[in-house]
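Protein chains in written order, with our numbering: chain A, 25 to 144; chain B, 25 to 144; chain C, 25 to 144; chain D, 25 to 144.
Check each hint, because a few of them may be wrong.
It does not matter which identical chain is meant; a pair holds if it fits inside one copy or across any two.
[Said to hold, decoys possible] As a list, the in silico EDC-like pairs of lysine to aspartate or glutamate whose alpha-carbon atoms are at most 16 Å apart:
#: 1; residue 1: Lys121; residue 2: Asp143
#: 2; residue 1: Lys128; residue 2: Glu94
#: 3; residue 1: Lys128; residue 2: Asp142
#: 4; residue 1: Lys54; residue 2: Asp116
#: 5; residue 1: Lys37; residue 2: Glu132
#: 6; residue 1: Lys74; residue 2: Glu44
#: 7; residue 1: Lys133; residue 2: Glu86
#: 8; residue 1: Lys133; residue 2: Glu33
#: 9; residue 1: Lys74; residue 2: Asp116
#: 10; residue 1: Lys54; residue 2: Glu132
#: 11; residue 1: Lys128; residue 2: Glu86
#: 12; residue 1: Lys139; residue 2: Asp36
For the record, the hints were derived by calculation from the structure and aren't laboratory data.
Number of protein chains: 4
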Amino acid sequence: MDATTPLQELKDKVIAFRDERNWGQFHSVKNLAMGLSIEAAELQELFLWKKEDEIPGWLQSEAARQRVSEELADIMIFILYIAHTVGIDVTDAVTNKIRLNAQKYPVEKCRNSNKKYDDL
Amino acid sequence: MDATTPLQELKDKVIAFRDERNWGQFHSVKNLAMGLSIEAAELQELFLWKKEDEIPGWLQSEAARQRVSEELADIMIFILYIAHTVGIDVTDAVTNKIRLNAQKYPVEKCRNSNKKYDDL
Amino acid sequence: MDATTPLQELKDKVIAFRDERNWGQFHSVKNLAMGLSIEAAELQELFLWKKEDEIPGWLQSEAARQRVSEELADIMIFILYIAHTVGIDVTDAVTNKIRLNAQKYPVEKCRNSNKKYDDL
Amino acid sequence: MDATTPLQELKDKVIAFRDERNWGQFHSVKNLAMGLSIEAAELQELFLWKKEDEIPGWLQSEAARQRVSEELADIMIFILYIAHTVGIDVTDAVTNKIRLNAQKYPVEKCRNSNKKYDDL
């Protein structure tokens with residue numbers, strides 16, 4: 025339940041899962057970043073050959089949403105592993121990044137624009 | 025603060041940032057999955073040519089941790105965009121995925137092992 | 025000139041470039057695979073927020089084609105590094121893979137279909 | 025045979041394979057860049073949890089080399105699809121990129137260094 029669960033509870037569950045299996049020994053940050061990238065590719069693969077206008081219909085099916093949900097969870101698990109390993113508070117990191125992005129992308133300059141900040 | 029902030033608060037901030045810029049028009053799930061994958065590559069790039077035994081020392085510096093933190097935040101922001109667009113509760117998705125993973129990777133079979141479940 | 029140049033000539037150039045800089049010491053296959061994946065993300069980034077119907081027009085410009093060309097070259101350079109390191113003949117590898125793909129995707133079953141072989 | 029086969033021959037084979045299946049209709053450059061990135065992740069996955077010093081031994085086995093070879097071929101096929109679609113001569117692209125890289129990474133400044141050009 026996103027509405028009520030602090031992120032720390034998820035982090036604790038993920039680390040408990042890992043420690044029961046003693047997998048910390050494989051979890052260098054470099055490996056974890058690699059793992060996250062592989063999971064991100066699996067998420068992309070769900071959409072690869074689909075045309076943009078087929079996707080909303082596809083996402084109506086519970087099975088499709090379940091597959092997206094599982095791939096998203098896999099990526100999230102790697103985020104939590106990395107945050108735990110490096111000692112990052114994800115909530116603070118996102119809050120700070122939104123602040124930085126707001127400076128790079130001021131509303132008046134980038135409203136309705138798909139340009140990168142260095143092309144604005 | 026991961027200890028006290030429910031994920032929904034982050035989701036709300038991220039969506040408010042997007043809606044002020046009217047960027048929802050570019051945010052098809054396919055584009056968001058692509059964007060997430062690109063951010064995952066930027067995280068990897070921080071570690072690319074570093075040897076495993078150089079990384080813990082590198083991570084001692086505040087500047088290094090800041091760069092990891094920003095890349096991790098970028099990925100997290102895409103997770104929240106996708107979750108919002110598809111209507112996925114991230115907390116539930118991770119909780120369910122841990123349950124599935126526990127079946128695929130029973131403690132007694134995979135403790136201390138770096139094998140994938142289909143090679144166990 | 026693709027019409028007349030055997031791949032080995034490109035491989036030789038790429039390896040000569042590397043050896044002048046003594047970079048072989050960083051080129052474990054794992055690092056090279058990571059590097060290739062990062063370059064693949066940079067190629068994707070050129071298309072990220074563009075709508076499908078904007079892209080053909082964008083590709084009319086020489087500058088756009090030059091950027092695609094450079095990103096494609098970066099990926100190709102990593103392919104050649106990996107092939108050299110592992111001892112793979114790329115021409116043979118592709119020829120064999122086309123043969124395998126032809127079995128997985130028989131013309132009569134997959135003509136005009138965007139399904140993966142396990143969904144055919 | 026990399027020693028004798030011009031790249032164009034591979035391109036022709038790959039395009040013939042595609043055209044028999046009438047798959048050109050799915051092959052927007054954006055989709056192809058996405059596909060390439062997914063294949064790059066599959067190559068990475070072969071190395072994910074392996075420690076650097078396990079990999080040379082693993083690569084001794086013919087089966088391991090075959091898996092690397094197939095993943096490398098998949099990536100190469102996407103390079104050829106993209107080059108064909110955009111009208112890029114891969115040999116020229118790589119030759120030009122090596123020239124650019126030689127300017128960014130002059131031998132005397134970057135010999136034995138794993139730094140990016142902007143940190144040199």
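Hints that the structure is at odds with (numbers, increasing):
1, 4, 5, 6, 7, 8, 9, 10, 11, 12
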